[in-house]
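Enquirer: Chain residues, written in single-letter form:
2 protein chains.
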Amino acid sequence: MQFELTKEFIDDIILALEKEDSGYIVEAINPLHPADIAEILEIINLTQAQFLYQLLDEKLASEVLVEIEEDTREQFLESFSPKEIAESVEKMDADDATDIIQDLPEEVQEEVLEALQDEDHSSDISMLMNYDENSAGGIMDTEFISADWNWTVKNALKKLREQVENVDQVYTIYVIDSSKKFKGILSLKRFLYASDDTLIKDIYKQDSITVFDNEEAETVASKMEKYDLVVIPVVNENQTLLGRITIDDALDVIKEEAEKDYQMASGISEKIEPSDSLFVISRARLPWLLIGMVGGILGAYVIGFFEEHLKENAVMASFIPLILAMGGNVGVQSSAIIVQSLANNTLNYESIFKKLFKELLVALFNGLICAFIALIFCWLTRSDFTLALTIGVSLVAVFTYAGLFGTFVPLILNKYKIDPALATGPFITTTNDIIGLLIYFLIGIALYF
Amino acid sequence: MQFELTKEFIDDIILALEKEDSGYIVEAINPLHPADIAEILEIINLTQAQFLYQLLDEKLASEVLVEIEEDTREQFLESFSPKEIAESVEKMDADDATDIIQDLPEEVQEEVLEALQDEDHSSDISMLMNYDENSAGGIMDTEFISADWNWTVKNALKKLREQVENVDQVYTIYVIDSSKKFKGILSLKRFLYASDDTLIKDIYKQDSITVFDNEEAETVASKMEKYDLVVIPVVNENQTLLGRITIDDALDVIKEEAEKDYQMASGISEKIEPSDSLFVISRARLPWLLIGMVGGILGAYVIGFFEEHLKENAVMASFIPLILAMGGNVGVQSSAIIVQSLANNTLNYESIFKKLFKELLVALFNGLICAFIALIFCWLTRSDFTLALTIGVSLVAVFTYAGLFGTFVPLILNKYKIDPALATGPFITTTNDIIGLLIYFLIGIALYF
Numbered sequence: 001m002q003f004e005l006t007k008e009f010i011d012d013i014i015l016a017l018e019k020e021d022s023g024y025i026v027e028a029i030n031p032l033h034p035a036d037i038a039e040i041l042e043i044i045n046l047t048q049a050q051f052l053y054q055l056l057d058e059k060l061a062s063e064v065l066v067e068i069e070e071d072t073r074e075q076f077l078e079s080f081s082p083k084e085i086a087e088s089v090e091k092m093d094a095d096d097a098t099d100i101i102q103d104l105p106e107e108v109q110e111e112v113l114e115a116l117q118d119e120d121h122s123s124d125i126s127m128l129m130n131y132d133e134n135s136a137g138g139i140m141d142t143e144f145i146s147a148d149w150n151w152t153v154k155n156a157l158k159k160l161r162e163q164v165e166n167v168d169q170v171y172t173i174y175v176i177d178s179s180k181k182f183k184g185i186l187s188l189k190r191f192l193y194a195s196d197d198t199l200i201k202d203i204y205k206q207d208s209i210t211v212f213d214n215e216e217a218e219t220v221a222s223k224m225e226k227y228d229l230v231v232i233p234v235v236n237e238n239q240t241l242l243g244r245i246t247i248d249d250a251l252d253v254i255k256e257e258a259e260k261d262y263q264m265a266s267g268i269s270e271k272i273e274p275s276d277s278l279f280v281i282s283r284a285r286l287p288w289l290l291i292g293m294v295g296g297i298l299g300a301y302v303i304g305f306f307e308e309h310l311k312e313n314a315v316m317a318s319f320i321p322l323i324l325a326m327g328g329n330v331g332v333q334s335s336a337i338i339v340q341s342l343a344n345n346t347l348n349y350e351s352i353f354k355k356l357f358k359e360l361l362v363a364l365f366n367g368l369i370c371a372f373i374a375l376i377f378c379w380l381t382r383s384d385f386t387l388a389l390t391i392g393v394s395l396v397a398v399f400t401y402a403g404l405f406g407t408f409v410p411l412i413l414n415k416y417k418i419d420p421a422l423a424t425g426p427f428i429t430t431t432n433d434i435i436g437l438l439i440y441f442l443i444g445i446a447l448y449f
Numbered sequence: 001m002q003f004e005l006t007k008e009f010i011d012d013i014i015l016a017l018e019k020e021d022s023g024y025i026v027e028a029i030n031p032l033h034p035a036d037i038a039e040i041l042e043i044i045n046l047t048q049a050q051f052l053y054q055l056l057d058e059k060l061a062s063e064v065l066v067e068i069e070e071d072t073r074e075q076f077l078e079s080f081s082p083k084e085i086a087e088s089v090e091k092m093d094a095d096d097a098t099d100i101i102q103d104l105p106e107e108v109q110e111e112v113l114e115a116l117q118d119e120d121h122s123s124d125i126s127m128l129m130n131y132d133e134n135s136a137g138g139i140m141d142t143e144f145i146s147a148d149w150n151w152t153v154k155n156a157l158k159k160l161r162e163q164v165e166n167v168d169q170v171y172t173i174y175v176i177d178s179s180k181k182f183k184g185i186l187s188l189k190r191f192l193y194a195s196d197d198t199l200i201k202d203i204y205k206q207d208s209i210t211v212f213d214n215e216e217a218e219t220v221a222s223k224m225e226k227y228d229l230v231v232i233p234v235v236n237e238n239q240t241l242l243g244r245i246t247i248d249d250a251l252d253v254i255k256e257e258a259e260k261d262y263q264m265a266s267g268i269s270e271k272i273e274p275s276d277s278l279f280v281i282s283r284a285r286l287p288w289l290l291i292g293m294v295g296g297i298l299g300a301y302v303i304g305f306f307e308e309h310l311k312e313n314a315v316m317a318s319f320i321p322l323i324l325a326m327g328g329n330v331g332v333q334s335s336a337i338i339v340q341s342l343a344n345n346t347l348n349y350e351s352i353f354k355k356l357f358k359e360l361l362v363a364l365f366n367g368l369i370c371a372f373i374a375l376i377f378c379w380l381t382r383s384d385f386t387l388a389l390t391i392g393v394s395l396v397a398v399f400t401y402a403g404l405f406g407t408f409v410p411l412i413l414n415k416y417k418i419d420p421a422l423a424t425g426p427f428i429t430t431t432n433d434i435i436g437l438l439i440y441f442l443i444g445i446a447l448y449f
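Line order of the protein sequences matches chains A and B. Residue 449, in this note's numbering, is where the first sequence stops; the numbers in between run on with no holes. Residue 449, in this note's numbering, is where the second sequence stops; the numbers in between run on with no holes.
These are calculated hints, taken from the structure and not from any lab test. Hints may contain errors.
Claimed, not checked - Below, in silico cross-link-like pairs of lysine-lysine (DSS-like), each with a Cα-Cα straight-line distance of 30 Å or less:
#1 A/Lys260 <-> B/Lys354
#2 A/Lys255 <-> B/Lys354
#3 A/Lys59 <-> A/Lys91
#4 B/Lys91 <-> A/Lys201
#5 B/Lys355 <-> A/Lys271
#6 A/Lys226 <-> B/Lys260
#7 A/Lys159 <-> B/Lys205
#8 A/Lys226 <-> B/Lys91
#9 B/Lys355 <-> A/Lys189
#10 B/Lys158 <-> A/Lys201
#11 A/Lys158 <-> B/Lys205
#12 A/Lys91 <-> B/Lys205
Given these sequences and hints, build the entire structure.
Expert: What follows is the structure, given as structure tokens:
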């Protein structure tokens, strides 16, 4: 199937919604994947979305609800009674149901949990709600299939057929002992390949990689990535099997983290979407702007300090933007490489000094090239060799300083368990502005007199 | 298993390598996951790595080889004969083998392919080598299990047991007709759940999502992400089933893309690692620095143009850094949100004008707050109301301009199929510097006279 959501398709749906042509809508929507229907619901307006949602059959409606973005879903569920919400989450995986219930106002949460028919489901959800959203327990799923290690393959096949009814997607079979302690995994491959009377005990794989329920979701995600795992079992400190985390949930964590880092580097302090309200977007962007303001005002003091010198050599003002831009660029470049490597765990074992030394060489190399260009340019166009020398020497000094600072700060932040992504973007740029100005004017004074 | 690679563990291994204590090394290394062994090989030096690698048994060695980073692997394989390489890739999945062979010098590639024992494997690899690395064919795997839709469940179970020997991990069964055309998938769940004499035809799922072999790898990855797929079948234009792509390969594509965007936004023009050579790192960073140089020199011309004015009002020079920093910050913030949404496909259906209008309001809102602070500050400390007004008005103008430009550029680039990540970082910052200076001095002249 090569379905793609085109603008024409959406326009037709919107037209049909305006005409309330239920027949057309049902026929067009029903064959779609729930993720595509969710995308449509996010595009059309709320009233239209509610109308469309009513047309879906119960099972599809609940699948679609899982796929909708959090913000849209919140607005959406406001018009639902707790009983209606309970009906929608009844058939969901416990982790999806938890995600939805957790976003509801607290008083509604209670009512929805009470309205659930299946008590096991309800207690699974209550258990999951106790976990931090960013822990393994917070993203795990309580549906999985497990086999007692004393079963034979034939017996297991029969018992598993009963279990699979409740599990969306089977990846692997978890092997437990009689006290439900996790022993290892049985790959479907080995299971299919074994003869009927083999004991599970004799074909399962020991020493599988597990995570604890209270481990950080980010750690879980990087483990799954490193070991190329599609699913990972979650145990508590007694090794009792509690659930499993599938790669799609881990992928969400990885993406969320990468986006947060990128936004932070761009000076945005909370994770936002373009669809957020004006106030939310402005608020997320204001903190770094205020830091930039402080930096700019400090910069004004630095220049003010050299005002007499500047009156005599007004031409020095012309090259302030060059010095600032280069300091900023070098700082961002060097810090970005370090932040990214820290996020990927690819530089844990090299010493800080080795990295600083390498950055020093890169900064000197590029600094000398740029300084040479600037020097020649100034000399030729302004025929002022002192100015040319000031710019050239300042550039090399600023490159060196900015490169080392950009490398050093994220490493130090990381050492003290502060997110190194904080270091990139406005913070480094602001500091580099001030130090860069100081370097430039001090060198200028030294060379002019 | 909760194994973690600690510094102590690595130090012990290095000590044992120095003493060439093979017994200790084998005992410590053998229980590890291939990904952990690969990580160790990347940390220790090349001679040590080659010594350690020799100690691994054949199967483990080939699993480790798959996990090593490309650069390290290339150095590593230089000391291997084509025959040795062929032995290592003999038992690998065809896609992993292809990745390794493709990185070899061309003359070695031929020899390795000829030295392979298994002709099917060799022809699979040759077929995969014809695909572009960034296409679905380039990341697909030719190992999968398939069932003819005319088989019964019982018959299929028998035949699949024969097939699974060659497949690493079974996720789902692909259903084909007698001419090997892809018909759909059979989930393991349904397969386990069905009675022995059911026909595959009656329980398989039609209309599964597939990708074409020549589709872009990035498109495949975002499809898998959107539809929460762990594995996706690859077909050619005749619907013949060619292979499958698993989520770990798609995850690599997603991460690679996110890292490239982040580096590009930070002014790094090729994808680099901190372990790359000085020359490679310097070269990747130089282009944006040169663009910054051009921007800085143009900035010098702009300021030079206002030199007479600056001589009379030298104080205006002090606030150049503030204006530049704020223009840069706002531009980066607004472009980052757009670039990220474009990468996530979350704003395809909103009009450009609506987005620009929203950005205009955010820029005005934050601009007025910052301008007010700056105005009060300048007035109180410098008691120069004209200067205060110049700064305030300039900030609002710069915010508005930078916000709109930062929103507009990535949208336009995207429209013309140019990677919008190019727009962020140095390009927007550089342009904003020049325009910001112009705005500031023009407003200054207008208000001072």
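Enquirer: Is the Cα-Cα distance between A/Lys260 and B/Lys354 30 Å or less?
Expert: Holds, at roughly 25 Å.
Enquirer: Can the restraint linking A/Lys255 and B/Lys354 be considered satisfied, given a maximum Cα separation of 30 Å?
Expert: Holds - the C-alpha atoms of B/Lys354 and A/Lys255 are around 27 Å apart, at most 30 Å.
Enquirer: Is the hinted pair A/Lys159 and B/Lys205 satisfied, with a Cα-Cα distance of at most 30 Å?
Expert: holds, 24 Å
Enquirer: Take the C-alpha atoms of B/Lys158 and A/Lys201, compute the straight-line distance between them, and say whether it is at most 30 Å.
Expert: Answer holds: B/Lys158 to A/Lys201 is near 22 Å, not above 30 Å.
Enquirer: If you draw a straight line from the CA of A/Lys91 to the CA of B/Lys205, is it 30 Å or shorter?
Expert: This hinted pair holds, its Cα atoms lying about 21 Å apart.
Enquirer: With a cut-off of 30 Å on the C-alpha distance, tell me whether B/Lys355 and A/Lys271 pass.
Expert: holds, 18 Å
Enquirer: Going straight from one Cα to the other, do B/Lys91 and A/Lys201 come out at no more than 30 Å?
Expert: With a Cα-Cα distance of about 27 Å, the restraint between B/Lys91 and A/Lys201 holds, given a limit of 30 Å.
Enquirer: Below or equal to 30 Å on CA atoms is what counts here, so check A/Lys158 against B/Lys205.
Expert: Within the cut-off at roughly 23 Å; holds.
Enquirer: For the pair supplied as a hint, A/Lys226 and B/Lys91, is the alpha-carbon distance within the 30 Å limit?
Expert: holds, 21 Å
Enquirer: Hey, A/Lys226 versus B/Lys260, does the alpha-carbon distance stay inside 30 Å?
Expert: Since the Cα atoms of A/Lys226 and B/Lys260 sit roughly 19 Å apart, the hinted pair holds (cutoff 30 Å).
Enquirer: Going straight from one Cα to the other, do B/Lys355 and A/Lys189 come out at no more than 30 Å?
Expert: violated, 51 Å
Enquirer: Under the criterion that the straight-line Cα-Cα distance not exceed 30 Å, is the pair A/Lys59, A/Lys91 satisfied?
Expert: Holds, at about 8 Å.
Hint compliance for this structure: hint 9 alone is broken.
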